[in-house]
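**Student:** Given next are the chains, with one letter for each unit.
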Amino acid sequence: MTTFSLFDKSSKFDGIYAFFIVNRFQMLYLFFLMPTYLLHPFMIWGIVAMAVFSQLNIWLLCKWLESNYAKKGYQGFVELFGVRMVRLLTFIGLILILIKITVITLGYLEVIHDFIFPSMNSIWIILFILLTSSYVASLGMKNTIRFVVIVFLCVFWIIFLYYPFFIPPIAALHDLYPLIPTNWTTDSWKGLLLIWSSYSGPEYLICLIPWIKPQQKMRKYLTYANALSTSEYLLLFIASLFFFGSNYLSKSKYPIIHMIRYLQSPMFERLDIILISLHMFLLVFAISIFLLCIYGATRIILKKTSTQPSRMGFAVTCIMLFLCFVIVNNWIWSIEAEQNILLNIQIWLSGITYFIVPTFLLLLTKLKRRVKA
Amino acid sequence: MFWKKGKSIANDSSDTQKPVPRKISLDSLKQVLNNMDDVEIIERTTLNDQKVVLIYLRTLIDQDRLNESIIEPVIQCPHAMIYESIATPKVMKIQLLEEAQKSLLTGAVLLNDCIQEQWLVIPLPNELGRGIETSETETILYGAKDSFTEQLEPNITLIRRRLPITELKTEKYKIGSLSETTVVLMYIDGLTNPEYISIARKKISEINFDLFFDSSQVAAFMEEHHHSIFPQFQQTDRPDVCAYSLGLGKLTILVENTPFVLIAPITFFHLFQSPEDYINRWPVASFLRVIRYLSFFLSVALIPFYVALTTHHYQMIPLQILFVLAESRSKLPFTPFWEAILMLTILEIIKEASLRMPTKSSQTLGVIGGIVIGQAAVQAGFAGKVLIVLVCISTISSFLVPNYLMTKANTLIQFGFLLLSSIFGVFGIAMGAVAILAHLNGLTSLKQPYFSPVAPFYWKDWIDLFIRGPLTKMKSRPDHLHPLQKWRYKRRM
Numbered sequence: 028m029t030t031f032s033l034f035d036k037s038s039k040f041d042g043i044y045a046f047f048i049v050n051r052f053q054m055l056y057l058f059f060l061m062p063t064y065l066l067h068p069f070m071i072w073g074i075v076a077m078a079v080f081s082q083l084n085i086w087l088l089c090k091w092l093e094s095n096y097a098k099k100g101y102q103g104f105v106e107l108f109g110v111r112m113v114r115l116l117t118f119i120g121l122i123l124i125l126i127k128i129t130v131i132t133l134g135y136l137e138v139i140h141d142f143i144f145p146s147m148n149s150i151w152i153i154l155f156i157l158l159t160s161s162y163v164a165s166l167g168m169k170n171t172i173r174f175v176v177i178v179f180l181c182v183f184w185i186i187f188l189y190y191p192f193f194i195p196p197i198a199a200l201h202d203l204y205p206l207i208p209t210n211w212t213t214d215s216w217k218g219l220l221l222i223w224s225s226y227s228g229p230e231y232l233i234c235l236i237p238w239i240k241p242q243q244k245m246r247k248y249l250t251y252a253n254a255l256s257t258s259e260y261l262l263l264f265i266a267s268l269f270f271f272g273s274n275y276l277s278k279s280k281y282p283i284i285h286m287i288r289y290l291q292s293p294m295f296e297r298l299d300i301i302l303i304s305l306h307m308f309l310l311v312f313a314i315s316i317f318l319l320c321i322y323g324a325t326r327i328i329l330k331k332t333s334t335q336p337s338r339m340g341f342a343v344t345c346i347m348l349f350l351c352f353v354i355v356n357n358w359i360w361s362i363e364a365e366q367n368i369l370l371n372i373q374i375w376l377s378g379i380t381y382f383i384v385p386t387f388l389l390l391l392t393k394l395k396r397r398v399k400a
Numbered sequence: 104m105f106w107k108k109g110k111s112i113a114n115d116s117s118d119t120q121k122p123v124p125r126k127i128s129l130d131s132l133k134q135v136l137n138n139m140d141d142v143e144i145i146e147r148t149t150l151n152d153q154k155v156v157l158i159y160l161r162t163l164i165d166q167d168r169l170n171e172s173i174i175e176p177v178i179q180c181p182h183a184m185i186y187e188s189i190a191t192p193k194v195m196k197i198q199l200l201e202e203a204q205k206s207l208l209t210g211a212v213l214l215n216d217c218i219q220e221q222w223l224v225i226p227l228p229n230e231l232g233r234g235i236e237t238s239e240t241e242t243i244l245y246g247a248k249d250s251f252t253e254q255l256e257p258n259i260t261l262i263r264r265r266l267p268i269t270e271l272k273t274e275k276y277k278i279g280s281l282s283e284t285t286v287v288l289m290y291i292d293g294l295t296n297p298e299y300i301s302i303a304r305k306k307i308s309e310i311n312f313d314l315f316f317d318s319s320q321v322a323a324f325m326e327e328h329h330h331s332i333f334p335q336f337q338q339t340d341r342p343d344v345c346a347y348s349l350g351l352g353k354l355t356i357l358v359e360n361t362p363f364v365l366i367a368p369i370t371f372f373h374l375f376q377s378p379e380d381y382i383n384r385w386p387v388a389s390f391l392r393v394i395r396y397l398s399f400f401l402s403v404a405l406i407p408f409y410v411a412l413t414t415h416h417y418q419m420i421p422l423q424i425l426f427v428l429a430e431s432r433s434k435l436p437f438t439p440f441w442e443a444i445l446m447l448t449i450l451e452i453i454k455e456a457s458l459r460m461p462t463k464s465s466q467t468l469g470v471i472g473g474i475v476i477g478q479a480a481v482q483a484g485f486a487g488k489v490l491i492v493l494v495c496i497s498t499i500s501s502f503l504v505p506n507y508l509m510t511k512a513n514t515l516i517q518f519g520f521l522l523l524s525s526i527f528g529v530f531g532i533a534m535g536a537v538a539i540l541a542h543l544n545g546l547t548s549l550k551q552p553y554f555s556p557v558a559p560f561y562w563k564d565w566i567d568l569f570i571r572g573p574l575t576k577m578k579s580r581p582d583h584l585h586p587l588q589k590w591r592y593k594r595r596m
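Residue numbers (this note's numbering), protein chains in the order written: chain R, 28 to 400; chain P, 104 to 596.
The set of hints was computed from the structure by calculation and includes no laboratory data.
Every residue gets a Cβ at the ideal spot worked out from N, C-alpha and C, and that includes glycine.
There could be a bad hint or two in this list.
No farther apart than 27 angstroms at their CA atoms in a straight line, the calculated lysine-lysine pairs in the DSS-like style are these [what the hints assert, rightly or not]: (1) P/205 / P/272; (2) R/36 / P/563; (3) P/589 / R/240; (4) P/248 / R/247; (5) P/550 / R/36; (6) R/36 / P/205; (7) R/39 / P/550; (8) R/244 / P/589; (9) R/240 / P/563; (10) P/550 / R/240; (11) R/244 / P/563.
Taking CB as the label site, the calculated pair distances span [claimed, not checked]: (12) R/334 / P/305: 54 to 64 angstroms; (13) P/313 / R/186: 51 to 61 angstroms; (14) P/522 / R/36: 33 to 43 angstroms; (15) P/309 / R/110: 34 to 44 angstroms.
Build the full structure now, drawing on both the sequences and the hints.
**Tutor:** Shown next as structure tokens:
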């Protein structure tokens, strides 16, 4: 039997992979919902403002990635926090990842249910998605990270299909007015939070540092990723403003997907089924990466870092994740009120982690350095 | 127990016991060659009454040359130094019985000089084999027409003629305990990455099996992913393809008795490249290559798409096409999935039959395939007209992929997609695509990523990936092959 080397660190990846990962993590699921919460055209500035803040965060993150602690990987964290603290933080991280992965998977599942298979038992879809993800993850972190290039190539071009929404006869420039807010409500703040939360994703690079080459012009690549995500958010939001208009945006739960239902080709009357299916690439990639992170985190918590990863341990992680998805889907996600609570928790948590984690790590590193000096 | 877990051929101690080396004697040789009808043992006397014994296998040596090069000169030898009279350059003295056996079986003549009490080996192999012909598996309209044969030496010559440089190295190995097959590892020293060479050397020397009749079997032992449906070594019978690959920084493995040479490391995309790509004008070559990729996609996904649409997503089909489809399927007793499975299975049977059938029967096959299965299946209500058209498109598309092994892999992927599409529709196909691409991403050829230059991402190599860029722009060798010499032209100082 061949060795099961999930966390083989034999090869390191360039900054370009960080670009792909960050950009795709920022386009995971929340952007499907974004126009529903933003509503007003002036939220275009919200996207831009959050992009600037996100850039600031990326700068902090890059600063930390350049530090000696980051280069040492797990050992660096141990030096920074101590073993006990690392285990505690890993446990917290594990819960955060679990919430994120559950929300994106079940959210995507709901999209499939609403648009493709309204009558199919969702457990089957969960099972097959997780089987595919487990297969991708079982090829190891190295191959999973490399898979992001394929994911990007298979999914990125979808954005260009939205161009007809910019040129229909009903679209007029005044759909984008007012660009300056006349009133500011709690919903607007929620909208900003959603944008911020959508931008979260770069912080997961912290889990992947052993596989990324240090000092590979990371700042440049992450800036490009952030800029690309911003332009995608803007394009999609403006397209939905043109298509639905500000007044009707809140009526649709998934405006971005609904828009695609109106796209036609001479071959297919509805392209949404194909495009939603293609989004699977991104979902599978995210689940695989998070699955490996969950397994890695569990090994840290159980003090098993010195032993080889086992097939059994990985299989148990996959089964636990499957059970988690099924339980949450049946007991929480199927009830709308509870679904909203879970979604809000995820939005808040990813917003908070994206804000705190890079700052916290950088501050602590500086502090530690000063204490040492 | 009949089968014991973990017990390999190499571990069997009874097999690995080496015989004690014995010195050659006429009696021991006769004992070894007992019951071999083609053995000839002849005695001759020279001019100065010296007795010599010649032993050889009649079927393996060139008998005309035997007279000219050995018997005649030896008989007329006036002095005691017999070996000086033999008219072939490769005469060797041996002492061990094992060496004698090996030499005899490779087409050599054993000569026993009774006065000097020495045994000489004179290689005189029968150069039996076909001439150099046109490649049948990779036919091209323009370009070189020669192809490899079953003999090693002419194959090496064909490559050496294209690469007349001393840096082109050949390393010989023997594999197969019964077949004693010669394998030649070829590479350009100072260009091919030494890592590949050492991996290949290690893999070849670790091969432990009895029979090797084809390069595919050698590839099977050298591959890192035995259960994958994708070939991890390119097989070609074209010397120009081999020479081009060597020039890019790959290595080749020639196997005795097969005209197919192994090329490694390869990527998935190399299997879509045809020798004609580098003969056509670059826009034409690029167009044809894109068509090839499209055909691959069509061959694996067209029928599954049909099943997905007709089973799960009728709403995706435009109304006019829906009418045609409804009319076509109105009298069918099967679901689209079973209809497709039936037609594709029959088609595979026809394809296999066409390969095994004598040429004269091929006309019958055409009639059966075209009229009976096509026309009659529709009239009998076994398959819809639309499906027949799609099956035809899909099958023809599958033949556009230049690599035959890849074409076979297509079929399996198609069946897999078919199953998924019948359960999950388009979503199932996407799921299958994710799995296949992830699998390709995880594959390696000589431990190099199989899906480069896409993943890992080498954007500069894309000039010869989906399109074939102008040759004048391809100034550097592909980065993903990590050659020791990057540039393909001499740089001015």
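**Student:** Check each numbered hint against the structure and report the violated ones by number, ascending.
**Tutor:** Numbers 4, 6, 12 - these are the hints that the structure violates, sorted from lowest upward.
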